[in-house]
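> Chains as they are written, first to last, in my numbering: chain H, 1 to 365; chain P, 1 to 301.
No wet-lab data here; the hints were simulated from the structure.
Errors might be hidden in some of the hints.
[Claimed, not checked] Selected chain P positions facing chain H (in silico; Cβ < 8 Å):
id, residue
1, Ile-61
2, Phe-113
3, Gln-263
4, Glu-266
Nothing here was measured: the structure is a model prediction, and the numbers come from that model.
A virtual CB, placed ideally from N, CA and C, is assigned to each residue, including glycine.
Listed below, chain by chain, are the residues.
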Amino acid sequence: MIPILYENTKTAKNAEKDFPITYKWDSSNPQQTGNIITIMNNETNQIIYTARQDDFYRPSFTISANTLTNGILYKVYVQVIYNGGTSPESAPAVFPCCSSPTFQFSNVVENQRIENANYQLELSYEQQEGEELQYYQAFIYSASKSLIYESGIKYDTSNMTVPISGLSDKVQYYFRATGITVNGIEVDTGFVLVSVSYLKPSAYAIVELTNKYREGYTNIKSNIVTIEGVYGPDHETPSYSNSESIDLTGQDSYVKFDRGFDITGDFTIICTGYHFTNHSAVLLVSNGENSIQIFYREGSFLSEEDQPKAYMELKIPDTFTYSIYSNYIDVPKDDDLVGFCISRENNYYEITLKNLSSDGEEGET
Amino acid sequence: MLFLGQYFNGSRQSLDPTPTNLEGFNTIMLSNGIFDELYADRKICPIWDGIISSKWDFDTIMHALFKENLYAGNVNFTADTVTSIRIKKRKKGTFKWLTAFEIPIDSDEDFKFERNDTYNRSNMEYEYAFVPALNGIEGNFNMNSILSDFQGIFLVERDVMYQALLNVELSQQLNRETGAVHTLGRKYPYYVSNGNSGYVSLDLNAAFIEMDEQCDLDISGGWKYREQVDEFLSNNKAKLLKTDDGKMWMVCVTGNIEQNSSQHEEIPIHSIQMIEVGDAESPADLYDNGFTDIDLEVVRG
Chain H
1 MIPILYENTK
11 TAKNAEKDFP
21 ITYKWDSSNP
31 QQTGNIITIM
41 NNETNQIIYT
51 ARQDDFYRPS
61 FTISANTLTN
71 GILYKVYVQV
81 IYNGGTSPES
91 APAVFPCCSS
101 PTFQFSNVVE
111 NQRIENANYQ
121 LELSYEQQEG
131 EELQYYQAFI
141 YSASKSLIYE
151 SGIKYDTSNM
161 TVPISGLSDK
171 VQYYFRATGI
181 TVNGIEVDTG
191 FVLVSVSYLK
201 PSAYAIVELT
211 NKYREGYTNI
221 KSNIVTIEGV
231 YGPDHETPSY
241 SNSESIDLTG
251 QDSYVKFDRG
261 FDITGDFTII
271 CTGYHFTNHS
281 AVLLVSNGEN
291 SIQIFYREGS
301 FLSEEDQPKA
311 YMELKIPDTF
321 TYSIYSNYID
331 VPKDDDLVGF
341 CISRENNYYE
351 ITLKNLSSDG
361 EEGET
Chain P
1 MLFLGQYFNG
11 SRQSLDPTPT
21 NLEGFNTIML
31 SNGIFDELYA
41 DRKICPIWDG
51 IISSKWDFDT
61 IMHALFKENL
71 YAGNVNFTAD
81 TVTSIRIKKR
91 KKGTFKWLTA
101 FEIPIDSDED
111 FKFERNDTYN
121 RSNMEYEYAF
131 VPALNGIEGN
141 FNMNSILSDF
151 QGIFLVERDV
161 MYQALLNVEL
171 SQQLNRETGA
181 VHTLGRKYPY
191 YVSNGNSGYV
201 SLDLNAAFIE
211 MDEQCDLDIS
221 GGWKYREQVD
231 EFLSNNKAKL
241 LKTDDGKMWM
251 VCVTGNIEQN
261 SSQHEEIPIH
271 SIQMIEVGDA
281 ESPADLYDNG
291 FTDIDLEVVR
301 G
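Bound-form chain H, shown alone (with noise of 0.2 Å):
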């Protein structure tokens, strides 16, 4: 005739919070009319806080918030009364009280719009006492809330990162994660609402597919184009601007792209960028053996002004060398992005240059 605690009262609780403690009390044993709670610190067995129940018949006992202290280790026992007496005292738990963590997402807000088929969830915990996250995982909803997707248990939470794919456009979802403290604290973030919308190309795709009506079967093209850029000299690493731009200003520095294209026929190229250097050839288009040379100048060209202007210059050098100037616009300043386009008809090229920051007039040809 000993009431067992339930194993859970092992779990983490919260003291700024009502809680229950509960317990077994075997059916063949006497009726219950009434129960003692003792509860000790457990470091020091200092009794904190005890208390009787007079005809109260049920298995449990509610610790009032802020009876307790978060940050201490504590041990509990009960005793139940009934009419010849009181029970012996139950086997002690011992149980932790932490203030509840903050567990969320941390790139996701209710009602965020999700422009992209694929993103990467990403979450945060904290916990005041230091109680540490066991486990998490994380789920997507349909709009009705129909479980659709699990990421299963992650043990990793050093870095609590989800790569989700393939969210649908114009569909809703819920995102919720869920997880465990390594005391037993359950953890939810709810759920999120999300909107997916996303701009999907609707002639061109990456993945062209047909319809084959008469066949019976759908047809799947790949329209991939892998390009990659050589950077030079050898065994050094590019240097980029912002994260935006790559600084090719150092001595022998280049880009060079010679895999994965051909061009034949009209084209046209364009190629943005600043810091162009004086006299140089700043873009080379080649085929092996002959090649188009685009060269950035500045000079005074305009006899009533004394202002520079810059410009580009085409060159392809052949046994007749061929040779076009773009328009003039005024000498950039450090930071103006500047553009300038080429573009071949029939073999006959234009050369177009423009000052993009200041989208200024284009001065003569």
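Position chain P against the provided structure of chain H, taking the given hints into account.
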């Protein structure tokens, strides 16, 4: 300039140097500056408005953005960084993907591939995704969708399929193992159902005949075609039977295969009995019955 009534040096390029005829450019090199974007396409742009299109289409040759990498294609990977491309598919509105094909990649040329997926239902929208994989680890999905639709019925094995358009009649029966056990002194029997048996059996009547691009029937040569169909039906392999209203089963042909010429002497009607032997959309059943070599999504037990 108008000279003796004729235009003289009147076009924009009149005073240009003699044009050169160079083709096959396969190298582009940048140097002597800080570069933000490089773009090339097959369209003509004699007057540039300062804007570079962000969309990739059939005329685009390359587009490099130099955002911490040197990629200039329409994907951020090359043959050096992937070992295969997985073609995945799913029914639109569902979330679970099935790997339909895996294309090994050894060189950039391997990225130009084409496949035919014969395992789709009719009247159903499917999504497909190309997924780059490096030794089994998958990257981001590139997706598209298509409405699958066809006419008639098809019997499909892995590398061969036969269509029947004419005189198609299909009846089906759902089979279950149940029984009623009568006992003495009891008004009502006991209902017994042991196991999970619940498979479809089908009776198909159809005329198999070849039709060309102009929808003309090859009647005179039809007997050769039907011999091939008989070989196909009697090879004891599982097949997918799919109909134009969206039904699909994984079946095996049972019993004898009858041909009846009573309606038309040269277009006999086949009578075929089949039973369902698996789930036509289960990765495990497709793998076990030889429809695919890919078992990435197969879950046993």
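> Indicate, hint by hint, whether the structure satisfies it.
Results for each hint:
1. For Ile-61(P), the interface hint holds, since its Cβ comes within 8 Å of a Cβ in chain H; the closest pair sits about 5 Å apart.
2. Look at Phe-113(P): its Cβ gets to within about 5 Å of chain H, closer than 8 Å, so that hint holds up.
3. Because the beta carbon of Gln-263(P) sits about 24 Å from the nearest beta carbon in chain H, more than 8 Å, this interface hint is broken.
4. Proximity of Glu-266(P) to chain H is violated relative to the hint, the smallest CB-CB distance being about 22 Å (cut-off 8 Å).
Checked against the numbered hints above, the structure breaks hints 3 and 4 and satisfies the rest.
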